[in-house]
Amino acid sequence: MKGVMTYPKGGVHPPDRKGLSSDKPIKNALIPQTLVVPLSQHLGKPAELVVEVGDEVREGMLLGKSSGFISAPVHSPVPGKVTEIKDVYLPNGIKTKAIVIEMEGEFDRSGKEQHKREWKQLNGKDLLDIITENGIVGLGGATFPTNVKLSVPKGKKAELFVVNGVECEPYLTIDHRLMLEKSDELIEGIEIIQKILAPERTAIAIEDNKPDAIQLMEEKIASKGLAIEVIPLKLKYPQGDEKLVLKSITGLEVPSGGLPIDIGAVVSNAGTVYSIYEAVVFNKPLIERFVTVSGGAIKEPLNLKVRIGTPIGDLIEECGGFSEVPEKIVVGGPMTGFTVYDLDTPVIKGTSGVLALTSKEVNSASRTNCISCGRCIESCPMGLNPTTLFKKVDHLSYDEALELGLMDCRECGSCGYVCPAHIPLVQGIKLGKRMARKKG
Amino acid sequence: MEEKDIRRVEPAPQIHHRDSTARIMWTVVLCLLPAGFWGVYVFGYRVLMVLAVSILSAVIAEYGMSKVLGKDTTVQDGSAFLTGLLIGYNLPPSIPYYIPVIASVFAIVVVKWTFGGLGHNWMNPALAGRVFVFFSWTGQMTAWTMPRTMDAADTVSGASVLGFLKTGLLDYKGAETGPMAFLRNAGYPQSSMDVHVSEWLRGIFGEGISGGYWDMFMGNIPGCIGEVSAFLLLVGAAYLFYKKIITWEIPAAYIAVFSILIWIFGGLRYNAGFFQGNIPFHLLSGGLVLGVFYMATDMVTSPLNRRGMLIFGAGAGFLTFLIRIYGSFPEGVSLAIILMNIFVPMINRYTLVKRFGVVTEKGKAA
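So the protein sequences, as listed, match chains C and P.
Each step along the first sequence adds one to the number in our numbering, with nothing skipped, and position 81 is 81.
For our numbering, add 440 to where a residue sits in the second sequence, where the first one is 1.
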């Protein structure tokens with residue numbers, strides 16, 4: 001099954017290395033004795049702490065409540081006792097408060113028969129409330145609170161709903177496995193969102209490096225007789241970006257500075273749809289997520305179902321540890337993820353992968369001056385000029401950078417990937433965006 | 441704790457394409473080597489010394505400049521080596537050794553480092569070095585050696601085909617209709633191999649084929665050390681295309697514009713009328729192949745995006761034609777490329793890519 005559709009401009013083809021883990025069924029990871037649950041696991045304001053040191057908590061109990069419109073609550077992944085509240089650094093360098101839980105006592109949900117909610121009688125507003133309460137955020141990496149995304153602003157209409165099963169980041173295979181192993185649940189999740197958004201058209205976008213997932217989804221949808229399209233897309237990074245997946249499917253461009261809803265579309269990652277299913281059907285908060293542990297330096301790459309707050313070191317150990325000294329430990333995908341040096345870094349809602357990469361995979365080289373090869377321009381799916389943007393930011397000329405489309409950057413990393421001079425283009429542009437926002 | 445020290449912490453993306461600046465530069469060097477070996481073979485071992493001197497001067501100048509300016513040494517990135525090699529390739533085999541030294545030092549110190557080193561120079565350093573010594577020591581720069589593969593090898597010095605033509609055409613009254621016929625009638629030397637190949641070609645294409653193309657294609661002509669063998673330069677260029685280090689835009693636009701203009705106007709000098717120019721002759725003579733594939737495509741001094749590259753290539757093709765046919769110099773490639781280098785910032789400014797999600801004046805962004 002070859003996908004024919006893709007977006008026209010830019011994009012790169014890094015070695016996808018998905019074969020390391022794509023045939024490994026999702027396995028429950030061991031639950032560690034001590035878990036560290038940060039209060040800021042989403043885009044927006046951190047959750048507000050509602051427990052104290054010494055409190056007994058139960059599985060799925062609220063630890064931090066949502067503190068604003070763009071915020072999300074945090075729940076306890078295990079039963080146990082709060083032993084400490086401390087500051088931790090997240091992989092992206094942000095410092096936040098975290099709750100340390102020592103596991104003890106009985107699990108209320110795991111291993112027990114769960115009551116299924118009859119959600120079809122509920123209306124969209126009730127469904128959205130359930131999603132809000134259970135702390136569901138976008139699991140594709142951006143961790144934007146899902147309830148906000150699914151609340152269509154007045155005067156706009158979601159004509160198209162897209163389930164993003166593109167998973168364009170190399171190495172990561174959780175969405176792939178999810179589509180293969182949890183296809184029925186996924187489809188029920190889609191029906192829940194259809195009820196909320198009432199879109200005219202619903203589509204699942206999958207890149208053609210996952211032919212088995214495309215086929216299975218097509219079969220399942222056909223056997224259920226649902227009006228959901230499966231759209232195979234031609235492999236190209238970063239097609240999983242919501243603006244690009246929409247361009248690939250519809251040919252429409254989300255306006256610069258706009259959101260998908262501006263062209264009447266909502267995009268949700270497959271993993272998010274699955275957690276919406278769990279939240280709505282079983283009233284289960286987001287306390288677990290799927291994580292691909294992979295990379296050339298991992299002995300046995302696996303797809304794991306992991307409790308939030310589990311140290312990444314435990315996951316690596318579960319995969320047999322390192323097969324050689326890794327050059328880098330990465331949290332997230334290799335194109336947008338962060339390097340960490342601390343194996344105690346906890347898995348949070350946005351952790352899609354833990355990678356241990358060898359120097360051969362990383363291809364490090366010393367930085368040189370820009371040699372004007374133009375490869376960054378060629379690679380940019382947004383039609384930007386990364387090297388010029390980088391120079392403008394470097395010279396503090398934010399106004400000029402803004403004029404050249406600084407804010408349009410999706411931070412996909414394509415420019416940094418191809419740059420032979422190894423200039424940290426994305427980092428520079430990210431910094432420029434932050435500074436430009438500060439200046440107002 | 442020990443583990444922490446070995447791990448690299450970097451911003452995203454965490455993986456990179458295998459091409460680095462150094463890898464690109466050294467690949468270009470590698471692709472240039474076959475043509476250099478040919479130069480050594482046909483012009484003798486002295487050529488090896490010329491190349492060594494120009495490369496060493498460039499590398500030492502690069503090292504010295506980075507030291508003087510207190511920067512990390514940049515010799516290992518290969519760009520200075522490449523500049524030295526290209527300068528050597530652009531010199532006649534009999535050049536006195538002090539000229540490559542001056543050309544290389546001028547290229548690295550003045551053209552490259554006064555603007556800030558690698559990536560900051562607006563003019564191709566190797567070409568600037570060549571042009572600098574060309575105007576300063578024109579005599580030495582136009583004294584040519586006959587290749588040893590030529591049967592007339594007893595002639596120690598000869599004229600390059602283009603030089604021969606330029607002088608010959610000054611007071612031209614003859615009846616030949618093109619440069620090839622002119623060379624043959626004037627008794628320009630021809631290798632025995634070429635005689636055979638031309639015979640064979642005439643068997644296929646008819647009597648109109650003049651002798652001499654084989655010599656020009658393979659490099660049996662006097663000329664600069666690295667420019668004579670069009671064939672081996674093209675072999676290297678094919679690898680550069682394959683590795684995507686050069687793209688098709690600049691060479692294609694250059695060759696297309698140059699060929700069309702030569703075809704239209706090239707015959708006028710022979711009173712042959714319009715549309716009678718000899719395209720293969722002009723493509724194979726002089727430094728055109730070397731210039732088009734290895735110097736016009738220099739990343740630093742060519743435009744950033746593809747539309748710009750087309751404009752750049754077309755402009756260089758036009759200027760080469762102008763200088764070669766109507767100028768006082770036989771060549772034209774180096775000057776044309778340098779002149780186009782000047783326009784690169786302007787070309788970059790006016791060839792912006794269409795941005796995603798931005799409505800242009802022409803029409804709605806879908």
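To be clear, the hints were calculated from the coordinates, so they are not data collected in a lab.
You may find that some hints are simply not true.
What the hints assert, rightly or not - Okay, derived cross-link-like pairs now, SDA-like style, lysine to any residue, Cα gap no bigger than 25 Å in a straight line:
#1 C:Lys284 <-> C:Thr143
#2 C:Lys391 <-> P:Val541
#3 C:Lys360 <-> P:Asp459
#4 C:Lys430 <-> C:Glu411
#5 C:Lys236 <-> P:Leu792
#6 C:Lys45 <-> C:Ser366
#7 P:Lys507 <-> C:Gly257
#8 P:Lys794 <-> C:Glu52
#9 C:Lys9 <-> C:Ser366
#10 P:Lys683 <-> C:Gly383
#11 P:Lys794 <-> C:Gln33
#12 P:Lys794 <-> C:Val281
#13 P:Lys684 <-> C:Lys182
#14 C:Lys86 <-> P:Val449
#15 C:Lys182 <-> C:Leu259
#16 C:Lys9 <-> C:Gln427
#17 C:Lys86 <-> C:Val53
#18 C:Lys65 <-> C:Glu104
To be verified - Covered, in the sense of this in silico footprint (three residues per stretch, anywhere, with C-beta under 8 Å from a C-beta of chain C), are these stretches of chain P:
#19 537-547
#20 661-675
#21 765-776
Said to hold, decoys possible - Here are a few chain C residues that face chain P, going by a calculated C-beta distance under 7 Å:
#22 Phe107
#23 Glu327
#24 Glu361
#25 Cys373
#26 Gly383
#27 Val418
Backbone N, C-alpha and C define an ideal beta-carbon position, used for all residues, glycine too.
Comparing the hints with the structure gives:
1. With a C-alpha separation of about 18 Å, the suggested pair Lys284 of chain C and Thr143 of chain C falls inside the 25 Å cut-off, and the hint holds.
2. Taking the CA atoms of Lys391 of chain C and Val541 of chain P, the gap is near 35 Å; set against the 25 Å cutoff, the hint is violated.
3. About 13 Å separates the Cα atoms of Lys360 of chain C and Asp459 of chain P, which keeps this hinted pair within 25 Å; it holds.
4. The straight-line distance between the Cα atoms of Lys430 of chain C and Glu411 of chain C is roughly 7 Å, inside the 25 Å bound, and the hint therefore holds.
5. About 23 Å separates the Cα atoms of Lys236 of chain C and Leu792 of chain P, which keeps this hinted pair within 25 Å; it holds.
6. Pair hint Lys45 of chain C plus Ser366 of chain C does not hold up; C-alpha atoms about 38 Å apart against a cutoff of 25 Å.
7. Taking the CA atoms of Lys507 of chain P and Gly257 of chain C, the gap is near 46 Å; set against the 25 Å cutoff, the hint is violated.
8. The straight-line distance between the Cα atoms of Lys794 of chain P and Glu52 of chain C is roughly 54 Å, outside the 25 Å bound, and the hint therefore fails.
9. Restraint check for Lys9 of chain C and Ser366 of chain C: the C-alpha separation of about 29 Å exceeds 25 Å, so the hint is violated.
10. At roughly 24 Å between alpha-carbon atoms, Lys683 of chain P and Gly383 of chain C fall within 25 Å of each other, so this suggested pair holds.
11. Proximity of Lys794 of chain P to Gln33 of chain C is assessed by CA-CA distance (about 54 Å); at most 25 Å being required, the pair is judged violated.
12. Pair hint Lys794 of chain P plus Val281 of chain C does not hold up; C-alpha atoms about 45 Å apart against a cutoff of 25 Å.
13. Between Lys684 of chain P and Lys182 of chain C, the direct Cα distance comes to roughly 42 Å. Violation of the 25 Å bound is thereby established for this hinted pair.
14. For the given pair, Lys86 of chain C sits about 24 Å from Val449 of chain P by alpha-carbon distance, which is consistent with the 25 Å threshold.
15. Between the alpha carbons of Lys182 of chain C and Leu259 of chain C the distance comes to roughly 29 Å, so the proposed pair goes past 25 Å and is violated.
16. Taking the CA atoms of Lys9 of chain C and Gln427 of chain C, the gap is near 22 Å; set against the 25 Å cutoff, the hint holds.
17. For the proposed pair Lys86 of chain C and Val53 of chain C, the alpha carbon gap of about 10 Å is at most 25 Å, so the pair holds.
18. Our distance criterion of 25 Å between C-alpha atoms is met by Lys65 of chain C and Glu104 of chain C, whose separation comes to about 23 Å.
19. Counting residues of the region 537-547 of chain P whose CB falls under 8 Å from any CB of chain C gives 0; the rule of at least 3 is not met.
20. As drawn, the region 661-675 of chain P meets chain C at 0 residues by the rule of a beta-carbon pair under 8 Å; below three, the given contact is violated.
21. Residues of the region 765-776 of chain P with a Cβ under 8 Å from some Cβ of chain C number 0, which does not satisfy the need for three, so the listed coverage is violated.
22. A cut of 7 Å between beta carbons decides the hint on Phe107 of chain C: the least distance to chain P is about 33 Å, and the hint is violated.
23. Because the beta carbon of Glu327 of chain C sits about 6 Å from the nearest beta carbon in chain P, less than 7 Å, this interface hint is met.
24. Checking Glu361 of chain C against chain P by beta carbon gives a least distance of about 6 Å; that is within 7 Å, so the hint holds.
25. Satisfaction of the interface hint for Cys373 of chain C is found here, the shortest Cβ-Cβ separation to chain P being roughly 4 Å, below the 7 Å cut-off.
26. Hint status for Gly383 of chain C: holds, given a least beta-carbon distance of 4 Å to chain P, under 7 Å.
27. Evaluation of the Val418 of chain C hint against chain P yields a held restraint, the C-beta minimum of about 5 Å falling below 7 Å.
In this structure, the earlier hints numbered 2, 6, 7, 8, 9, 11, 12, 13, 15, 19, 20, 21 and 22 are contradicted, and the remaining ones agree with it.
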